[in-house]
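Protein sequences, first through last, are from chains A and B. For what it's worth, my numbering labels the leading residue of the first sequence as 96, then goes sequentially. For what it's worth, my numbering labels the leading residue of the second sequence as 2, then goes sequentially.
Just so you know, the hints here were simulated from the structure itself, not pulled from any lab data. Keep in mind the model is a prediction, meaning the values are calculated, not measured. Cβ atoms here follow ideal geometry from the backbone N, Cα and C, with glycine treated the same way. Just so you know, not all the hints are guaranteed correct.
[To be verified] Cross-link-like lysine-lysine pairs, in silico, BS3-like; alpha carbons within 25 Å at most:
hint, chain 1, residue 1, chain 2, residue 2
1, A, Lys98, B, Lys62
2, B, Lys100, A, Lys166
3, A, Lys165, B, Lys100
4, A, Lys152, B, Lys100
5, A, Lys98, B, Lys112
6, A, Lys113, A, Lys152
7, B, Lys100, A, Lys148
8, A, Lys148, A, Lys166
9, A, Lys98, A, Lys165
[To be verified] Label pairs and their calculated CB-CB ranges:
hint, chain 1, residue 1, chain 2, residue 2, range
10, B, Thr31, A, Pro134, 30 to 38 Å
11, B, Gly17, A, Pro134, 22 to 30 Å
12, A, Asp146, B, Lys62, 28 to 36 Å
13, A, Gly158, B, Gln46, 22 to 30 Å
14, B, Phe52, A, Glu167, 21 to 29 Å
15, B, Pro8, A, Asp121, 34 to 42 Å
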Amino acid sequence: DVKVTQSSRYLVKRTGEKVFLECVQDMDHENMFWYRQDPGLGLRLIYFSYDVKMKEKGDIPEGYSVSREKKERFSLILESASTNQTSMYLCASSSSSLGQFFGPGTRLTVL
Amino acid sequence: AQSVTQPDIHITVSEGASLELRCNYSYGATPYLFWYVQSPGQGLQLLLKYFSGDTLVQGIKGFEAEFKRSQSSFNLRKPSVHWSDAAEYFCAVGGDGNKLVFGAGTILRVKS
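Please model the entire structure based on the sequences and the hints provided.
Okay, structure coming up:
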């Protein structure tokens, strides 16, 4: 089975802090994605990557950056966390037409 | 532009009753379509997917979905709902199954 793991299930940070969310997949998938999920808005794509060291902006990239130094790992970075970034963050990976496989999510609270 | 509409925010059904969750999409070419389920506090689990061929697809947990090109729909069905099916359900569309656009979700409540 595909396994996608995220470094933390719950995280509490203060406004202005730099925040790192880590995602690792074990199925050698080329594609990895970061979403945020908010009630009533579904999943919104922040960034995605089709290859190592490659990244593309999704629909809501403002305030975020990403890093993909190794194929299995895709990091989401909040350079200076703000309260409006309090959300559930979901990582996913995919290969060809199999669909996306999701991690358990990180619920981030910014105080 | 791609988009997915799930018209029902909440649906409540009795245990043992049949279920249909609606999904309408907008996409310029032949779509790849997916249904995911999310239990509270968890990530999304893939229920089923449609790429081509038979328009009625079977998934896990007894779910099925029917692709209707003329109606731009991909509705999810289950003949008899169990209490454990209570969750949020997301429909998604994409060009190759990689980059997807998700609907806002439908929350299913099951009453005993």
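Hint by hint, here is what the structure shows:
no.: 1; hint: A:Lys98 x B:Lys62; result: holds (20 Å)
no.: 2; hint: B:Lys100 x A:Lys166; result: holds (17 Å)
no.: 3; hint: A:Lys165 x B:Lys100; result: holds (20 Å)
no.: 4; hint: A:Lys152 x B:Lys100; result: holds (12 Å)
no.: 5; hint: A:Lys98 x B:Lys112; result: violated (33 Å)
no.: 6; hint: A:Lys113 x A:Lys152; result: holds (20 Å)
no.: 7; hint: B:Lys100 x A:Lys148; result: holds (18 Å)
no.: 8; hint: A:Lys148 x A:Lys166; result: holds (9 Å)
no.: 9; hint: A:Lys98 x A:Lys165; result: holds (16 Å)
no.: 10; hint: B:Thr31 x A:Pro134: 30 to 38 Å; result: holds (32 Å)
no.: 11; hint: B:Gly17 x A:Pro134: 22 to 30 Å; result: holds (29 Å)
no.: 12; hint: A:Asp146 x B:Lys62: 28 to 36 Å; result: holds (34 Å)
no.: 13; hint: A:Gly158 x B:Gln46: 22 to 30 Å; result: holds (29 Å)
no.: 14; hint: B:Phe52 x A:Glu167: 21 to 29 Å; result: holds (26 Å)
no.: 15; hint: B:Pro8 x A:Asp121: 34 to 42 Å; result: holds (37 Å)
Comparing the model with each earlier hint shows a violation of hint 5 alone; every other hint is respected.
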